[in-house]
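Engineer: Order-wise, the sequence lines are chains A and B. The first sequence begins at 2 in the numbering used here and counts up one residue at a time. The second sequence begins at 11 in the numbering used here and counts up one residue at a time.
Rather than coming from a laboratory, the hints here were simulated on the basis of the structure. Note that the Cβ used here is the ideal one computed from N, Cα and C, for glycine as well. Mixed in with the good hints, there may be bad ones.
[Unchecked claim] One-sided excerpt, in silico: chain A residues whose CB lies under 10 Å from chain B:
{"id": "1", "residue": "P56"}
{"id": "2", "residue": "V57"}
{"id": "3", "residue": "R60"}
{"id": "4", "residue": "S64"}
{"id": "5", "residue": "N135"}
{"id": "6", "residue": "T142"}
{"id": "7", "residue": "T180"}
{"id": "8", "residue": "D193"}
{"id": "9", "residue": "T194"}
{"id": "10", "residue": "A198"}
{"id": "11", "residue": "E202"}
{"id": "12", "residue": "E206"}
{"id": "13", "residue": "M209"}
{"id": "14", "residue": "L230"}
Each chain, letter by letter, is given below.
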Amino acid sequence: MDSQYKKEGKTVLWESFAEEEQTLKSRGEIYPLWLQGGLFLLMIGVLLGVFFYSPVDFRLKESTRIMYFHVPMSVNAFVAFLLSALYGAGYLWKRKLDQDVRSSVSAEIGLLFAVLATATGAVWSRYAWGKYWNWDPKQVTILLLILIYAAYFVLRMSVEGEERRAVLSSAYALFAFVTVPFLMLIIPQAMDTLHPAVVRERQIEPQMMQVLLLSFLSFLGLMVWIYRLRVAVELQKLEQKESLL
Amino acid sequence: MKKGNLILALGIIIAFIALGAGAFRKTLTPYVTLREARESGARVQVSGKIDKQRVRYDVMKGVLSFPLRDHEGSVATVLYRGVKPGNFDQAEQIVVIGRMKGDTFEADEMLLKCPSKYQSAPGKEGSLSQE
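For reference, chain A alone in the conformation it holds in the complex (with noise of 0.2 Å):
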């Protein structure tokens, strides 16, 4: 197929993005207009709400700001990777490759949003705590999951087989999760460690949380869009390859 591409040019491309595009959309697997207008308005509403409505820490100054990125990020990775052991165990349960598909797409996504999260985390810390890096507990166990997560898709790309890598993974990404309460969660709390803990404890003022809310509406909301791309398009490689056979 990359050979007919080559040889008929750009519009043959286009052609075949379009197309593609098409298929997607009658899958019902990319986002409405509305929910996509409505999501792009509520991502507007959030950036101003970032920049203009919400008030700075007298201490943190603008870099209190940085919170309405990194909290949400982390929701969304941990909310990926328990979507990415759900379908593992949906996989094992019912055999359908699709389930491995989703489970794969979470895992990525997931992530995707933890390196995410630990980036605008260090960028923070350099102004919080005087240090991009310390090493610290709430460091070093998001960067012991990043590797967790990282491990899974050397897994996958190291099975051969569909089915095979289908069982691998999905038990695989089961067991990964297991860690995901202790890592997120229960280690960071029970040690000493520089990182705050004022979402949880609700110790933000009133103005910053309604932005804080709506910010993770939208960072989830994205985070479905990208999950329904990335799954359409898996499921139609999967097609691809199943009519090749």
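Based on the hints, put chain B in the right spot on chain A.
Structural biologist: Only chain B this time, still in chain A's reference frame:
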């Protein structure tokens, strides 16, 4: 996979995590107590609370000194050479990085624990504690 094996595997994993959480507690955290700092003599990170009343800053020499109380309750004077961090006065808990020399801890780096409340102005505790 047999059901028994799955349960066994799950049990082993949970046991490992419990073991890990206990055994690697030390490895997971860079922060030690003053006692451990005294025993090792190496460059370590000590976390603790500052006695705000007894903070002294020698602007000419650029030396900040204050008593630090760690989690075990022992206290040592910290000598920090360097620029006083901007939000030092509001910090409750800090981490000092350096080594123990006799009874004083000589720090060359200092990290501040961020506030446990986010407030737009200092005097607003009242409105928050209602939440």
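Engineer: What are the numbers of the hints that this structure violates, sorted from low to high?
Structural biologist: 14
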